[in-house]
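Sequences are here, hints too, so could you generate the full structure?
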Amino acid sequence: MSDTVVLVLTGMLAIGVPAWTVWGIWRNFRHKPTRQSALANVLGSMAGTALLGVVLPAVLLGALDPFPIWLGYAALTVGATTVLGWRWPALRSGKWRHPGLAITSCLLLAVLMMAGVAVT
Amino acid sequence: MAAVRDDGQREESSRYQGSAPLPVMSRRALLAAGAGLSAAGLLALVGPHPVSPASGRTGDPALLARAEPHLRGLNRVALAYLHGDTTTYAGIGADERTLFGIGSLSKTFCGAVLMDMVLKEEVTLDTTVGDLIDADQSDLADVTLQELASHTSGLPDFTPTQTRSRNLWFGLLHADGARQDAADTVIDILGQRLKGRGTFSYSTAGIALLAHLLGRRAGTTYKKLLAQRILTPLDLTDTSLPVTRAGLPRGWEKGLLGGRPAEPWTLNGLAPGGGMWSTCADIATWMRLTRDGHQPGAAGLQPVAPAPILPWMPDAKVAITWILATTPGGEDLIFHNGLTGSHSSFVGYCPRTGRGLAYLVNSAPTGAQLLMLQGDLVKTLLDEGA
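Residue numbers (my numbering), protein chains in the order written: chain A, -6 to 113; chain B, 5 to 390.
What the hints contain is simulated information worked out from the structure, not anything from laboratory work.
Among the clues, some could well be false.
[Stated by the list, open to error] Among chain B residues calculated to face chain A with C-beta under 10 Å, some are: (1) Leu41; (2) Pro237; (3) Leu238; (4) Gly262; (5) Leu293.
[Stated by the list, open to error] Calculated Cβ distances over 12 Å to all of chain B for the following chain A residues: (6) Gly9; (7) Ser30; (8) Gly55; (9) Trp89; (10) Arg90; (11) Pro92.
All figures in this text were calculated on a predicted structure; none of them were measured in a lab.
Here a beta-carbon is modelled for each residue, glycine too, at the ideal position from N, C-alpha and C.
Next comes the structure, spelled out in structure tokens:
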């Protein structure tokens, strides 16, 4: 994985995660997706934010302090989760066998395992 | 009406009708707060942390008072100030015996081994790679040891294999990741194409190749050669070259990456270019020996090529591993610094005034901190004096 690939992937993640999160907040706040769909969105945001928490320190090595930057992502994700909690009673209940939910759950688990290795 | 809420529309209308709004609000607030706190807690477990100064101050209070304004945002720092024959130490959460990874300062030790072998006529600066190893198929066959030692060989900083390893292991997993031993490293580097030969292009791979070639010429490993020629004779007892994690010195501690403890960069085959560990006391001795011409590497301090470090040091030049530049106050400065994922270092002295500064830090500084350390701190201590 070359430095260029790392930078491109991190850049995509850095833009994609907040875009995904803001879209999720807007959708969960203004519309009524199923709970499973809304939860999948938030789990995806958490996976992306956790992954950024691992890669940002390495990518920004010698350049910027990753903490305040990552804090912005984390605040957005916590906001999305809070909105989900707030809207939960109002959301429609769908099927728990939701493909998006399965994918984001696995993604979050994988990222947390990787992050666990990275930070311990 | 408030007990089952799977239809948001009915819930909204019930609230406005004034029927039992408090339990609904309380439940929603509890859910929202619980979800938000859970997410915050989970993310806090895996995300970066702010870096704050470690407790405990050591060494000379006057030196620390001069230096501390320029050490903001660092966790553990050990620094040494050299003036004439006097060396003064100060530290935050560390002292002159605390072990740190010194990163690319390791390169100056490789330069010293080279110059020792030049002085003993075992090699010359014009000895080529092809003179020391079968390199007929390599672009590097006629590259000289001086080119390797002065970063003018045209080699990249790291080979693609080494970059991949660094990004995947050190970057993604913050883990020990150097898989190439010395032999694999040499083969990998000999397979590289050269680009911009003759001009300065910083190369850790080039120094690693130089080190292994010197070891080969002496009929031993570079690690043993370094100990025999430099570390033992100069009594640098707390300085070592751990090639793998198992070789880390007793008492080593993890540095910080993103405010969290991170695996040290034990670089295996690349270790001669950035894998050494030392203490501030040993590094101060190294600086004094270099300044006073008492270590072999001091014979290699003549400029070899321009090495502009933009935008701060446009007139810098490279010698045998050392960089020749000027302080913010315009004094000639001979220095080298080092940076790993979790440690950083600096050694620099002014030949005219005899002042020198060395610092070791247990984290990689940000760009702003680097300016503070190599700009403000250097100005304060080397231009103005402690």
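Status of each hint after checking the structure:
With its C-beta approaching chain A no nearer than about 8 Å, leucine 41/B sits inside the 10 Å limit, and its interface hint holds. With a cut of 10 Å, the hint placing proline 237/B at the interface with chain A is violated, because the nearest CB-to-CB distance is about 34 Å. A hinted interface residue such as leucine 238/B counts as satisfied when its beta carbon comes closer than 10 Å to some beta carbon of chain A; here the least separation is about 30 Å, so the hint is violated. The beta carbon of glycine 262/B is positioned within 10 Å of a beta carbon in chain A (closest approach about 3 Å), and the interface hint is therefore held.
For leucine 293/B, the suggested interface contact is broken, since its CB lies about 28 Å from the closest CB of chain A, more than 10 Å. In this structure glycine 9/A is separated from chain B by more than 12 Å, as the shortest Cβ-Cβ distance comes to about 17 Å. Annotated as non-interface, serine 30/A keeps its C-beta farther than 12 Å from every C-beta of chain B; the closest such distance is 14 Å. With a cut of 12 Å on Cβ distances, glycine 55/A falls inside the contact zone with chain B, its closest approach being about 5 Å.
Against chain B, the non-interface label of tryptophan 89/A holds: every CB pair exceeds 12 Å, the least being about 14 Å. Residue placement check: arginine 90/A keeps its beta carbon more than 12 Å from all beta carbons of chain B (closest about 18 Å). Distance check on proline 92/A: its Cβ is at least 21 Å (rounded) from any Cβ of chain B, clearing the 12 Å threshold; non-interface status holds.
When held up to the earlier numbered hints, the structure conflicts with 2, 3, 5, 8 and fits the remainder.
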